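Keeping their order, the protein sequence lines are chains A and B. The first sequence lines up with residues 54 to 949 when you count with the working numbering. The second sequence lines up with residues -13 to 138 when you count with the working numbering.
Derived by calculation from the structure, the hints in this document are not laboratory data. Values in this document were obtained by computation on a predicted structure and should not be read as measured data. Just so it is clear, CB atoms sit at the ideal spot from N, CA and C, and this is done for glycine as well. Heads up, a few of these hints could be off.
Unchecked claim - Under the rule of at most 25 Å between Cα atoms (straight-line distance), these lysine-lysine pairs were calculated in the DSS-like manner:
| id | chain 1 | residue 1 | chain 2 | residue 2 |
| --- | --- | --- | --- | --- |
| 1 | A | LYS258 | A | LYS270 |
| 2 | B | LYS(-10) | A | LYS763 |
| 3 | A | LYS681 | B | LYS11 |
| 4 | B | LYS98 | A | LYS814 |
| 5 | A | LYS681 | B | LYS(-10) |
| 6 | A | LYS760 | B | LYS(-10) |
| 7 | A | LYS429 | A | LYS186 |
| 8 | A | LYS747 | B | LYS95 |
| 9 | B | LYS95 | A | LYS620 |
Stated by the list, open to error - If you want the footprint, here are the derived chain A segments under chain B, 3+ residues with CB under 8 Å:
| id | stretch |
| --- | --- |
| 10 | 722 to 728 |
| 11 | 803 to 816 |
| 12 | 868 to 878 |
Spelled out, the chains give:
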Amino acid sequence: MPTRSGDGLERSIYRFVVRFSLKDTIFICALVALAQVFYYISLDLPKNIMNQGIQGKGVAFPVDIAGLGLLSLDQVGYLMWLCFLFLLAVLVNGGLKQFVNSLKGKLGERLLRRLRYLLMARILRFPVAHFRKTSSGELIPMLTAEVEQIGGFMGDAFVQPLMQAGMLLTIAIFLFAQNPIMGFAAISLFPIQAYIVPVLQKRVKELGKERVKTVRKISERIGETVGGIQEVRTLGTAAWERADYTERFGTVYRIRFAIYQRKSLVKFINNTLNQCAPLMFYAIGGYLVIHGSLSVGALVAALSAHKDMTAPWKELLDYYQQAQDAQQKYEQVVEQFQPDNLLPAGLHAPAEAPAKPFDGPIVANALTVQEDAQTKLLEGVSFELPLGTHVALVGPSGGGREALAMTLARLYQPTSGSLRIGSRDMAQISDADLGARMGYVGPNAYVFSASLRDNLAYGLRQRVLAPHEDAARERLLVEAARAGNLPLDVEAQWIDYAAAGAADAADFDRVATEVLAKVDLAEDVFLLGLRGQIDPVRRKNVADAILTARAAFRQRLTGAQADPALKGLVETFDPERYNDNATLGENLLFGTALDASLAGDALAAQPDFRRILDETGLGAELPIMGRKVAETMVELFADLPAGHEFFDRFSFIAADDLPAFQTVLARTVPLADGSLPADISTEDRARLASLPLKLVDARHRLGLIDKAFKERALVARKALREKLPEKLRAKIAFFDPDIYNAAASIQDNILFGRIAYGQAKAQASVGAAIREVLEALGLRERVFEIGLDFQVGVAGGRLSAPQRQKLAIARALAKRPELLVLNDAVAVLDRTGQARLLESLVAAADGTTLVWATQDTASAARFARVMVFAEGRLVQDGTYADLVARDGTLKELVAA
Amino acid sequence: MSLKEETEALRRIPLFQNLDPAKLKLLAFMSQRLTFEPGQAVFAQGDPGDAAYIVLEGEAVVSIDTPNARIDIARLARNEIVGEIAILCDVPRTAHVTAAGDKPLICLKIEKNDFIGMLTEFPNMAVEIMRELARRIVNTNQQLRQAVAAKG
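Assemble the whole structure, with the sequences as input and the hints as a guide.
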């Protein structure tokens, strides 16, 4: 049996420190010992300065320094010489201390880095079943906050007590050397402290353990509340949740306060006893001086030495408290990282060479998989599966098909029996080798927070193919190795494009297109590309290509070869015309705001914007129009409850603002000629003026924008273009037929206008036309590349569940696996989607061993071989036609 | 044409005639005004019924598929509604509706989900609709009785 601490995660923090920093620790300790010599000198010299230098006792002047006749000094000179020596001793002692501190800091940080790394490496080796019992809410604080405190202590673990005790001892020796009685006086109170403190501290330690446990439970609960937030809301249990936190935070409060009280008691006792010590000096030392058995200089030196003593003593006590704390935290963390059935560390060794192909059939022999002592997931399963076979695993849920799929992907380890692929035992193949050759997609596959492209390439990262040639990064790796971290550069070339059948990174987009087409995701990615934005400066060639597409699209709208089907479907941006399908705001700015100060409601309140509109006369009109819009909105929506979806979809005014607008309406009753009273506040004016800016004439049909108004709007557009200050103009992407609009999507850049409202099937016709234009120009791939840049969000949150599954399958296909295990991987798709994907996958997996574990028994008909599992056993194995004709589980499943 | 006129058009639909004008205005505001070119399909037989259409301008022809050919069975003119049942229950389209004549057909499209959303929010509106439907059942029953009596 391998020892639990094989990777160095020792049971005790001291053993951990010794194991990974023995040499450094010894070296630092030697330096500490050396520093004591100079420290002693710095203690001893003041006495000589007092007695010899100042009082001139026992010295004959001039003094011959070092007895060589080179330097002869009078009393003042001698005093200065002694002072110089004192300074030297202080500097050397201080310098050594600083050096030691820096060394132990490095030592501590390295150990912390190592500890974190070891813990993380352990997490990667946890058996899958363990993650059902452990939440990330528990693990995260352990690796982040908890180890941080431990790490700070590890550098000090041996050095600090040695350093402080060394100082104490030096001082004590010095005191004894002055006068044994004084020495006793100085240390007389230590035994009392040394007895009381640990007694008090013991309880603190217990409380500390409790605190860690409670806080951990709280993190777990927070994770649960966050994860289940929809349930908490819909089940209306927020109050109960809060009560639960009240209770938990209360427990932490009580524990923390109890710890605080005990710690402060320890401090109080210490401080009091420390302050009592000088009393001993004054009494005993004074008595000795009076009786002439002690010099004043010696007493002063002793006093100052004793003063120095309180600092290291305090440090020692602090150290003691920290040590208790750190040891206990360390134990509690390490304890959490010792699950049963930890995966062997060897499986995670970085691959050195390309993975070997599988060299023979998959053979299971009396394969049994147990989750724990009671539950058998698979029992005595034996079969032989030649490479290249397509097999369906069916059976009731929990009957064993899922377990076998997961065991084939080595997410479960056989408890007994064996599973071999060709000449190799499955348990012996490293993760990297298996991962390169096998693809697995479960029912809830995870996609990483990165671009679609990065997600597709994620499965191609088993080993470093070419190092990152950079001396600075090399040095970083050397340091990483010192802390026991894996010295492989994450920035190096990891992605094995060749494994995906691509020549290089650029060629990978082609492969991505192919695999995405196989999983029925290509169209989605193309649409994401159309909706995507690019930086036209950084990707000038793409922007230029899109501008070509814009010109080509325009040809189809107007001109000699105009497509009659597109007539009236798009209203192009024209500086000389009002665009009925764009908002009034867009019409005025004739561009898209790049900045929040010009977007939405903020625009109406923007001072320069307002000033210029006032100059053109439009400024007075907008609030009047806004008032009419507000009236209509209040009339239409006042009866609806706040939060009704109609507000978001149709209203110009948010539900929360509706009452405010009602009072604004009451305050601003117009005069007989339709104009607003003069005494309306600027805020009300801006509020009302913001509403019509959102009006799209063709869509909202409120009849407020007539021909004359449009003309005035065009005048205002020109005035804005000319008079807006330069710094504001920089925040607007103006509609310009020759310039790529960075604030708009690819599609909008091609359109250079708006799809007309109210034209039946306009979206579809225009979409098809854009597609044709892009295809004719050979730009489909370009748009697809932009689609591949799409960031999928945390856990793929910006994709739908079917899209995530398809992406995961594409990721598995991208590495061209020899064995592809799909465990209910398409269950979230609708029926037709499932059927289509199955056909496509069966075709894509030609020559590949395809294992299709499914709850959809009917789909098994598509497979050459069907294995039926029930209660953990393989109950039927054969062709679908054969098994379905015979009495047995498959027949029952199909009939059900 | 503006919201006011559309509201007016809605009010002329028998199913909506007794509804509160303010609610009709909201319904009009939420509805989409659509233009179909002559010959363009509004919907096809067998499509899921997701909306009702009210003719505001132009003409539409209703036709059904038979084993041999497609036959026209009715024509729709201004202020007539088609698909009103579809916005109350899930039924596939029982006929084709196509823009006819030489002028474009302009319709107001009432989405089923929005209409149901309004009914849920305003029970009075639902009651009025129910009343209208009940009246139709009475009428149909009466007609049936008469037809049976005439036959007998």
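(request) Below or equal to 25 Å on CA atoms is what counts here, so check LYS747 of chain A against LYS95 of chain B. (result) holds, 22 Å
(message) For a C-alpha distance cap of 25 Å, please report whether LYS(-10) of chain B and LYS763 of chain A respect it.
(response) holds, 21 Å
(request) For the pair we were handed, LYS98 of chain B and LYS814 of chain A, check the Cα-Cα distance against 25 Å. (result) Judged against 25 Å, a Cα distance of about 18 Å means the pair holds.
(request) State whether the coverage of the stretch 868 to 878 of chain A by chain B holds or is violated, taking the criterion as 3 or more residues with Cβ-Cβ distances under 8 Å. (result) violated (count 0)
(request) Check, residue by residue, whether the stretch 803 to 816 of chain A contains three or more positions whose beta-carbon lies closer than 8 Å to a beta-carbon of chain B, and give the verdict. (result) holds (count 5)
(message) Against the 25 Å threshold, does the CA-CA distance of LYS258 of chain A and LYS270 of chain A hold or violate the hint?
(response) holds, 19 Å
(request) Decide if the proposed pair is consistent with the structure: LYS760 of chain A and LYS(-10) of chain B, CA atoms, cutoff 25 Å inclusive. (result) Distance ~19 Å between LYS760 of chain A and LYS(-10) of chain B Cα, so the pair holds.
(message) Please verify whether LYS681 of chain A and LYS11 of chain B have alpha carbons no more than 25 Å apart.
(response) holds, 15 Å
(message) Cut-off 8 Å, C-beta pairs, minimum 3 residues; does the coverage of the stretch 722 to 728 of chain A by chain B stand?
(response) violated (count 0)
(message) So if I understand the rule, the pair passes when the alpha-carbon distance is 25 Å or less; does LYS681 of chain A with LYS(-10) of chain B pass?
(response) holds, 14 Å
(message) LYS429 of chain A and LYS186 of chain A were given as a pair; does the straight-line alpha-carbon distance stay at or below 25 Å?
(response) Holds: LYS429 of chain A and LYS186 of chain A sit about 18 Å apart, inside 25 Å.
(message) Can you confirm whether the C-alpha distance between LYS95 of chain B and LYS620 of chain A stays at or below 25 Å?
(response) holds, 21 Å
Violated hints, in rising order: 10, 12; the structure is consistent with all others.
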